[in-house]
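Asker: What follows is the residue order along each chain.
There are 2 protein chains.
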Amino acid sequence: MNKLTVVNIGGFGHTDAVFRDLAGMQEAELIGLAPAYQGEDISKFLKLEPAVGKKVYDDYKQMLRELKPDVAIISTRLDLIPLLIMDAADAGCHVIAEKPLALDMAMLEKVCRSVERNKINLMAMLTMRSDPQFVAARQVYDSGAIGEAVLVNARKSYKWGTRPDWFGDKDKYAGTIMWVGIHAFDYINYITGLGFTKIAAMQGNFAHSERPACEDNCALVAELGNGGHATISVDYCRPEIAKTHGDDWIRIVGTKGVLEASGSKSECSVISNDKDSFRYPLPEEKDKIFTRFLLNILDGKSNSEIAQVSFMLTKVCLIAREAAQKNKVLNIE
Amino acid sequence: MNKLTVVNIGGFGHTDAVFRDLAGMQEAELIGLAPAYQGEDISKFLKLEPAVGKKVYDDYKQMLRELKPDVAIISTRLDLIPLLIMDAADAGCHVIAEKPLALDMAMLEKVCRSVERNKINLMAMLTMRSDPQFVAARQVYDSGAIGEAVLVNARKSYKWGTRPDWFGDKDKYAGTIMWVGIHAFDYINYITGLGFTKIAAMQGNFAHSERPACEDNCALVAELGNGGHATISVDYCRPEIAKTHGDDWIRIVGTKGVLEASGSKSECSVISNDKDSFRYPLPEEKDKIFTRFLLNILDGKSNSEIAQVSFMLTKVCLIAREAAQKNKVLNIE
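Same order as they appear, the protein sequences are chains A and B.
Each residue of the first sequence is one higher than the last, beginning at 1 in this note's numbering.
Each residue of the second sequence is one higher than the last, beginning at 1001 in this note's numbering.
Pulled out of the complex, with its shape left as it was, chain A reads as follows:
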């Protein structure tokens, strides 16, 4: 059996989620790591199981040349992500990259063309669609218990904690809609299958002026592909004493019922006109979305759906950010 060879570029973001899947796989192996830019600290990833004892490079381009890996994990300062994706794609690597895939529309199109030209598989780190409460919510939705989605409310709420300096720089941090809000769009889409056709957004930095580019509160409304609507709330003001870092939540009002799924409460509760009120049991583990991506590559199966979703969500968030900046309701083609 061919074993997929994997490298990691960068020291920021959710590489740990990919490593968790990788640690459980025989079919793929991490063979090298490198920072994305000179001076980037990658030490926290080096301590994680699949990385221990693996070769560390100073220069990721050299690593790509020498190791010729099948797959590159890219997870670093947000402005560098699109450049690294294109470098990896040109080196013939499939890519698992942090989101967003680009910080503006022109760059997103360049990334898209590079992925197509090099015929590589690409997946953004849409980690929330592996979370048990959202997997449960999708199972409930797919069962028809709440009918078709009419109105959706989604929330992302994080502790502020410690944020890198570059979170304060608009050219390096993409904005909170792009970095955090994208997850809410993702789990709305993941659970209901619906896209987004229109958007309005407001955002501000209320209590964290030491990182001026980092909005700590965002409020959004979107029209869904079926004509329903959604509200999305994003904040960095979760109290530090809270039991979990995040308070991720969704409520879906359907034609036959309502579901609520909460990460911080580890639950998915349903009121259904057809099926009464019930708690839906959560899967015991996160869904192994990165394992599936890697096995598909090995088996020659398509990963095009997740690539399409990754580009679509980045685009939606770019338009949402523009809507907030321009104070306009914008259509999403």
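Possibly wrong hints are sitting among the right ones.
[Claimed, not checked] Derived DMTMM-like pairs: lysine to aspartate or glutamate, alpha-carbon spacing no greater than 20 Å straight-line:
| no. | chain 1 | residue 1 | chain 2 | residue 2 |
| --- | --- | --- | --- | --- |
| 1 | B | Lys-1265 | A | Glu-260 |
| 2 | A | Lys-159 | B | Asp-1274 |
| 3 | A | Lys-288 | A | Glu-27 |
| 4 | B | Lys-1328 | A | Glu-322 |
| 5 | B | Lys-1256 | A | Glu-240 |
If you are wondering where the hints come from, they were derived from the structure by calculation, not from laboratory data.
Keep in mind the model is a prediction, meaning the values are calculated, not measured.
Knowing the structure of chain A, use the given hints to seat chain B on it.
Answerer: Relative to the frame of chain A, chain B by itself:
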């Protein structure tokens, strides 16, 4: 002691909430009832305690002339409310009226001028600010436990049940933002003291096409007076099997903590960096907001604050509805 004399005009809306306060008062008495328009069924109000055995008129104008009441309760088809307020004001009556106070801005200004010219006290039926969970939330907010509001999420969710025919007529039903959404704006304002400076809204009729003017889902975002933001979600799709008619809820993310108050769960829960996590006890009864309004009249005290809030909220909702109709983000002066 002078006893305030009160009449009720109309057969639709939340007169029952006013009657509940009235039933407990020695200082005021209901002395007559009339429909607002020919053929209006007022029978359900006639069965309520303060109304039993009281004089019933066919024509409210005749009632106002004959009984010369101190106060008129006005609660009927929404398009008639502003006209009735002006009739009652011209008859020298103080007014407790259903919301919204008008269906367009020109009429709202006429109502405002009439109230000022006749020097009457006016209060809209902002019944939610009497609900125990929101009174508790205000006490928590006033205590400083969660700091200053950064991001607010509010929800109004109702069962569809049976709706009058005129809910399907845009000239008679003001729209769901006006009829239901106004409560969410009200309790945001009531708890935080903040007004609204900018708004975007989306709305639709998804599953109730038999009442085309009645949007069954609305999604709104607003900028708050302090620069924070809010999302508001309104739907008429609460499952009929749910235990309560409504699912009214607010979450306030503050600079020091988060509170959530739920009507359907009868609870107010807090996570505060200063004061840890706790459930705040709810008052046992609804706050007697109408009693206070009536006693103020009797005692010659001011009711101007609630009049101002009633007009402000109607205006905010008119602008929100316009924002939805025009697909624009609108400022609120």
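Asker: Each hint should be assessed against the structure and marked as holding or not.
Answerer: Hints, one by one, checked against the model:
1. B/Lys-1265 to A/Glu-260: Judged against 20 Å, a Cα distance of about 14 Å means the pair holds.
2. A/Lys-159 to B/Asp-1274: holds, 15 Å
3. A/Lys-288 to A/Glu-27: holds, 14 Å
4. B/Lys-1328 to A/Glu-322: The hint holds at about 14 Å.
5. B/Lys-1256 to A/Glu-240: Roughly 9 Å separates the two Cα atoms, so the pair holds.
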